[in-house]
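The listed protein sequences correspond, in order, to chains A and B.
The first sequence maps to residues 1 to 304 in my numbering.
The second sequence maps to residues 305 to 731 in my numbering.
No lab work stands behind these hints, which were simulated from the structure alone.
Keep in mind that this is a model prediction, so the values were computed, not measured.
We treat Cβ as the ideally placed atom computed from N, Cα and C, and that holds for glycine.
Be aware that a few hints might be false.
[Unchecked claim] Some chain A residues well away from chain B (every beta-carbon gap over 10 angstroms; in silico):
no.: 1; residue: L51
no.: 2; residue: L70
no.: 3; residue: D142
no.: 4; residue: P144
no.: 5; residue: V146
no.: 6; residue: G162
no.: 7; residue: L176
no.: 8; residue: R178
no.: 9; residue: A190
no.: 10; residue: V206
no.: 11; residue: Y270
[To be verified] Only part of the chain A face toward chain B is listed, based on derived beta-carbon distances under 10 angstroms:
no.: 12; residue: W85
no.: 13; residue: A124
no.: 14; residue: Q148
no.: 15; residue: Y151
no.: 16; residue: V243
[To be verified] Sample of chain B residues lacking proximity to chain A, with all beta carbon distances greater than 10 angstroms (derived):
no.: 17; residue: L311
no.: 18; residue: G323
no.: 19; residue: R332
no.: 20; residue: P337
no.: 21; residue: L362
no.: 22; residue: A394
no.: 23; residue: L407
no.: 24; residue: P408
no.: 25; residue: V435
no.: 26; residue: G464
no.: 27; residue: V511
no.: 28; residue: N514
no.: 29; residue: S526
no.: 30; residue: F644
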Amino acid sequence: MAYAMQQLINGISLGMIYGLIAVGYTMVYGIIGMINFAHGDVFMIGAFIALITLLLLQMGGLMDGPAAILLVLLVSMVITALYGWSVERVAYRPLRGSFRLAPLISAIGISIVLQNYVQVSQGARPKPIENLLPGGIEVMRDGPFVVQFSYIQMLIIALTLGVLAAFTLLVTRTPLGRAMRACEQDRKMASLLGIDTDRTISLTFVIGAALAAVAGSMYLLRYGVIDFYIGFLAGVKAFTAAVLGGIGSLPGAVLGGLLIGLIETFWSAYFSVQYKDVAAFSILVLTLIFLPTGLLGRQEVEKV
Amino acid sequence: MTPAQALRDAALAAAVAFGLFAMLVGLRTDIGPAGGLILRSRWAEVALLCGIVFAGRLAITLWAGRRALRATTGPTPFTLALQRLGRFVAPVLLALALLLPALPGIGRYELDIGILVLTYVMLGWGLNIVVGLAGLLDLGYVAFYAIGAYSYALLAQYFGLSFWICLPLAGILAAFWGVLLGFPVLRLRGDYLAIVTLAFGEIIRVVLLNWTELTGGPNGISGIPRPSFFGLPFNMSGDPDSFAGFFGLEPSPSHRIIFLYYLIFGLALLTNWVTIRLRRQPLGRAWEALREDEIACRALGINITTTKLTAFALGAMFGGFAGAFFATRQAFISPESFTFIESAIILAIVVLGGLGSQVGVAIAALVMIGGFEVFRGLDEWRMLVFGGAMVVIMVLRPRGLVGTRTPSIALGRKRAISGDLVGEGHG
Chain A
1 MAYAMQQLIN GISLGMIYGL IAVGYTMVYG IIGMINFAHG DVFMIGAFIA LITLLLLQMG
61 GLMDGPAAIL LVLLVSMVIT ALYGWSVERV AYRPLRGSFR LAPLISAIGI SIVLQNYVQV
121 SQGARPKPIE NLLPGGIEVM RDGPFVVQFS YIQMLIIALT LGVLAAFTLL VTRTPLGRAM
181 RACEQDRKMA SLLGIDTDRT ISLTFVIGAA LAAVAGSMYL LRYGVIDFYI GFLAGVKAFT
241 AAVLGGIGSL PGAVLGGLLI GLIETFWSAY FSVQYKDVAA FSILVLTLIF LPTGLLGRQE
301 VEKV
Chain B
305 MTPAQALRDA ALAAAVAFGL FAMLVGLRTD IGPAGGLILR SRWAEVALLC GIVFAGRLAI
365 TLWAGRRALR ATTGPTPFTL ALQRLGRFVA PVLLALALLL PALPGIGRYE LDIGILVLTY
425 VMLGWGLNIV VGLAGLLDLG YVAFYAIGAY SYALLAQYFG LSFWICLPLA GILAAFWGVL
485 LGFPVLRLRG DYLAIVTLAF GEIIRVVLLN WTELTGGPNG ISGIPRPSFF GLPFNMSGDP
545 DSFAGFFGLE PSPSHRIIFL YYLIFGLALL TNWVTIRLRR QPLGRAWEAL REDEIACRAL
605 GINITTTKLT AFALGAMFGG FAGAFFATRQ AFISPESFTF IESAIILAIV VLGGLGSQVG
665 VAIAALVMIG GFEVFRGLDE WRMLVFGGAM VVIMVLRPRG LVGTRTPSIA LGRKRAISGD
725 LVGEGHG
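Only chain B is shown next, with the shape it has when bound in the complex (with noise of 0.2 angstroms):
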């Protein structure tokens, strides 16, 4: 392309982005001083877009002419710069995590974050398992967290249950509602798959909404009891009842933020171990194996029903532990947490961190939810930088940053394969 053309292309993309900016954004409805709604306009905003849309298309169309002579079929160099990086940064983050809680500078909000980020850590790693791994769109996953969240507060609250007897408890019963939910929904193709998720997660969250006597309706539950130290309870008190009377410390109030941080670090490790040990079983290759070509693996003899549901059923199980673990920390649940928006954060997080790479998931989370705690105030922005992320990432690397495919059998030695050059049957 000229660049005479790709300046005229460029003014036409302008064009059409003043038509798209010119009344949604240069004209701001507000409510008025009389009641009724007056209009704002902000026309330097606009102009501000249509400069950015601009330029922004020249770049592109000039970008992507030059590339275009020089063709390549191999992975990039940038797809092998991210490999060789992306060995160095899975120990580095452990160990960051790991000892996370003893650096210098470390307090008590700085530990919060770190828990919020590994809640999203091990719940983006639960649903990789069904959309990563398994390849089956599961837009209602907050339901199983809120499952979770609500059969600890409820089975704490009814019974007087302890956390320790109720965290497998939670995790049980969201696999057993995955797999309620799971078995009429699996014969579905993938989109129609997605839809019924969704409206599974709405219907839970409506009706946990709406039957007040049992959930506390909106109000939710408050008072859930806090986790203890295998039975040592964390207070101020100093008994040797208590936790650090046992061990003969200060008691001091971030014993509990600490132990909190490094129960969520170990039911997350837990996550991926399992995952990772999944994938190298029959039971992970058939999942990978479904994800790429449905009827190519029931030709195979796989048992589509059984490896779908044990995916959505584990993957479910993973969203009640962290469920558990929420109201636990929070002491407090309503039906406010667990909105669609819920789900489409830890999807988008699944997506950006290239569906199926455990390192990637774990950045996104980092990058995504530690990111925008960190820089308050922009948070009305957050929601649109990740859906903006999610299409950006869809329509450049749809198989993720850092997707690699290793071979199960080879001749001779056996090569990662980039995920740019795997291509993909239609099931």
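Same shape as in the complex, but just chain A (with noise of 0.2 angstroms):
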């Protein structure tokens, strides 16, 4: 029961993180229809920005506790966000119209270039960094097992859920929202009606790439080593996530990657920890083929 227990916090951390990565997926597949298979890795440079700016501030001699953390976490995005909108630009904005497999290979392009950049610039070997915030409230106890909620993983839970919070409120109630939105329906129509489309296309990008920066900065902090090719199996499992909740919708998103940071946790936990990546791509699998429309999904028409 407390092995459980702390599994379930501990599926509940790590789902959040996969939550924030698959939104950015689902927000792109929602207004372009293409899978940007770079994403995971614009996470992966997210960790790493992460990680130098921290570093950067320890040399400082400024790690005081949370304003540091903010601090880490607003560099990140922001640097992130400056990557997902070169992306945008550069690899994927030309080929509007294009074959319909271009977007996807330049995608593969993209993000073969991303890990081999930071694998180049920053050396193959993993990163490790002390723990930041160690410690964590104990919740229950069962002989000598001891459930902790460590203070990382409250981090995790409330700055997701503040950042989704935050997300929600910009794409229901603000204009930018509105023209996200209008976009995801009918991108021409919209074009019609005066909103940019290009320039709300590069924005997702953007805030795609905010949101997988946090996750990335969550991700460093939570496992405190990273490496240039985390971003491979974090976007798989993400975009697992995505498709599961029914990609195009934003809270199946979430909910996706709770349900795969769940079923991955307890897995490794009462299975096998080797299989655990199999377990993943077999719901992959297994979704597309039985539920292709996802949990939350709503049903697409084919149309000529």
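Could you use the hints to bring the two separately framed chains together as a complex?
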């Protein structure tokens, strides 16, 4: 019981990270109908920017708790958003209206470029950091087994909920959000009604990248070690989450992320750690075959 | 755009570049003497990169402004020149490949590179059937390569079967898996299909990695038997039962290398021949039609499922052949050789070769694999160049460098149409 409780806490905090990345996938898919294959690597870039900012702060002797973490988050969000914007501008925008595999191939190219760019510029070795927020609160005790809810996990959950709330407000209450939803429904009509669709798409990438940066920073704080390859697996799993929740649906992405996080954690805890990635991949395959619209998605009609 | 505007635009691009590179290039994290991470600054590189972006952006805007003045609709002179050149490239390459072992100055090292390049040429041609002809983006192609390699290794290890029996078996098994994996997923749209094939590729690799009793797990399988010359082994003994003894040659270790070279050369040519022949048949035409517009295909009564499945199975079969060859050449295989990166390399070769062009794939493999093999030490830049080239090709010439279309039926004279001019529906 206590063991399951601990897994539940771990699963939810992992799922929040996946959910944040999945929102980026689902947003881009909703608006331009492409799978942004490089999104996982944007998440990795976010984690690296957070790491470097953290080290800069440490060198400057400015390491005191929450303020520092907030600063790290902000810097990471801004720079990663710049990456998201540049990627869209360089590799996706020229391909609007090109043949149907072109954007996806271009995205795969960008994913390879980002991974190897970080490998060349930062080295291939994993980068460990020490735990910034050690400790946590004891939730329950079962003999020698103590269920811990660490401060970092609390931070992840609180922060993710905060960011997602802000994001929901942005999508539902602001002119930009309205423009985004309009583009999602009908891009041509939106542009006829005076919406700058190119700008809206750019901003979608910027927001998606900023959310991925939050996820990347959280990942760095929670696991304490990153390398240039973390984006691949995290990206595939977050994509699975987006598909499971119903691609194009924002609440679906978060729900899918939570489910994937829980399934992965419980699978590793009770079945086998070696096959935990197989679990995520199998869910992806099964969802796409049997439930292609996902849990909260809507049916897509193919138009000629 | 006036020069002043162009300058401002370039300065803006350089500013963005500074934002991108300042942290990730300008500050490098390393493990310090105390065990923690330290930062090392490299501002010169950042300045260099920003300068390159500034100059590049300026050149592009000025050049694009001039080109817009003389926009044409026909095939560009560049394309025409490439086409004229293309007629000679294929025979020359073929002759070079055929004569390579006999050329002076070609030692064991050069032949090894030749074998490697030809392996990728074959894989590229195999994947070209799936991606280039049928338009199904397969990101897990390496899984079939792995299945071929493991089929041969396991059949040889457990049943003592020889290479020549296992080669067709490996191809059949890979094709079987291709059908098995393809069947449920071929209903999916193009980009979903890509992700699912990626997932399959990873599942196969993780299973190979963890099924230690059968596959040896991360240690792989070693001592895979070398191929024989139709039953005559290559060895140094000079017995009448060995290759050298039977033909009355001086025993030499290079015999096996030359044999392997011609083996993969033959396999690659087989792949190419099958593809070229199939392209002229209803099946091949159906593939290409499918790539252009799936809905139109369905409306015209083409059976989408079998068409896709045959492309998948044939591509997988050639991947399986290549895998069996890989296993016998290396004599050692492990899951390490079959990661996603490998799939990405093969896909990059097909894309750079210009989706669907046979010569293009061969040239891309030669340049990307052979080129980086020659310039050792640039290894870590290899994938950066691969990925960058994929993006550049997609942005500038999405139909490939040498892509042309020949109409099946024409009024009067048949003329090749440049790939630039062929629009495409969405399917």
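Structure-based check of each hint:
1. Some Cβ of chain B comes within 10 angstroms of the Cβ of L51/A; the nearest lies about 6 angstroms off, and the non-interface call is violated.
2. The non-interface label for L70/A is consistent with chain B: the shortest C-beta to C-beta separation is roughly 18 angstroms, beyond 10 angstroms.
3. For D142/A, the condition that its CB be more than 10 angstroms from all CB atoms of chain B holds, with the nearest at approximately 31 angstroms.
4. Against the 10 angstroms criterion, P144/A stays outside the reach of chain B, whose nearest CB is about 31 angstroms from its own CB.
5. Against the 10 angstroms criterion, V146/A stays outside the reach of chain B, whose nearest CB is about 29 angstroms from its own CB.
6. Every C-beta of chain B lies more than 10 angstroms from that of G162/A, the closest at about 25 angstroms, which supports listing it as non-interface.
7. For L176/A, the non-interface assignment is confirmed: its Cβ lies about 21 angstroms from the closest Cβ of chain B, beyond the 10 angstroms cut-off.
8. Non-interface status of R178/A relative to chain B is upheld: no Cβ of that chain comes within 10 angstroms, the nearest being about 27 angstroms off.
9. Every CB of chain B is more than 10 angstroms from the CB of A190/A (nearest about 19 angstroms), matching its label as outside the interface.
10. Against the 10 angstroms criterion, V206/A stays outside the reach of chain B, whose nearest CB is about 13 angstroms from its own CB.
11. Distance to chain B confirms Y270/A as a non-interface residue, since its nearest Cβ pair spans about 17 angstroms, more than 10 angstroms.
12. Because the smallest distance between the Cβ of W85/A and any Cβ of chain B comes to about 8 angstroms, under 10 angstroms, the interface hint for this residue holds.
13. With a cut of 10 angstroms, the hint placing A124/A at the interface with chain B holds, because the nearest CB-to-CB distance is about 8 angstroms.
14. Look at Q148/A: its Cβ only gets to about 25 angstroms from chain B, farther than 10 angstroms, so that hint breaks.
15. Interface hint at Y151/A: violated, since its Cβ lies 21 angstroms from the closest Cβ of chain B, which is beyond the 10 angstroms cut-off.
16. Evaluation of the V243/A hint against chain B yields a held restraint, the C-beta minimum of about 8 angstroms falling below 10 angstroms.
17. Distance check on L311/B: its Cβ is at least 19 angstroms (rounded) from any Cβ of chain A, clearing the 10 angstroms threshold; non-interface status holds.
18. A Cβ of chain A approaches the Cβ of G323/B within 10 angstroms, the least distance being about 5 angstroms, so the stated non-interface status is violated.
19. Remark: the non-interface label on R332/B conflicts with the geometry, its nearest Cβ contact in chain A lying 6 angstroms away (cut-off 10 angstroms).
20. Annotated as non-interface, P337/B keeps its C-beta farther than 10 angstroms from every C-beta of chain A; the closest such distance is 15 angstroms.
21. With a least CB separation of 16 angstroms from chain A, L362/B remains clear of the 10 angstroms interface cut-off, as annotated.
22. Distance check for A394/B against chain A: the nearest CB is about 25 angstroms away, which clears 10 angstroms, and the non-interface claim stands.
23. Every CB of chain A lies more than 10 angstroms from the CB of L407/B, the least distance being 34 angstroms, so the non-interface label holds.
24. For P408/B, the shortest C-beta to C-beta distance to chain A comes to about 37 angstroms, beyond the 10 angstroms cut-off, and the non-interface label holds.
25. The Cβ of V435/B sits about 8 angstroms from the closest Cβ of chain A, inside the 10 angstroms cut-off, so the non-interface label is violated.
26. Interface exclusion of G464/B from chain A stands, the closest Cβ pair being 30 angstroms apart, more than 10 angstroms.
27. At roughly 7 angstroms, the least C-beta separation between V511/B and chain A is not larger than 10 angstroms, which violates its mark as non-interface.
28. At roughly 4 angstroms, the least C-beta separation between N514/B and chain A is not larger than 10 angstroms, which violates its mark as non-interface.
29. Against chain A, the non-interface label of S526/B holds: every CB pair exceeds 10 angstroms, the least being about 22 angstroms.
30. At the 10 angstroms boundary, the C-beta of F644/B falls inside the reach of chain A, the nearest C-beta of that chain being 7 angstroms off.
Of the numbered hints listed earlier, those contradicted by the structure are 1, 14, 15, 18, 19, 25, 27, 28, 30.
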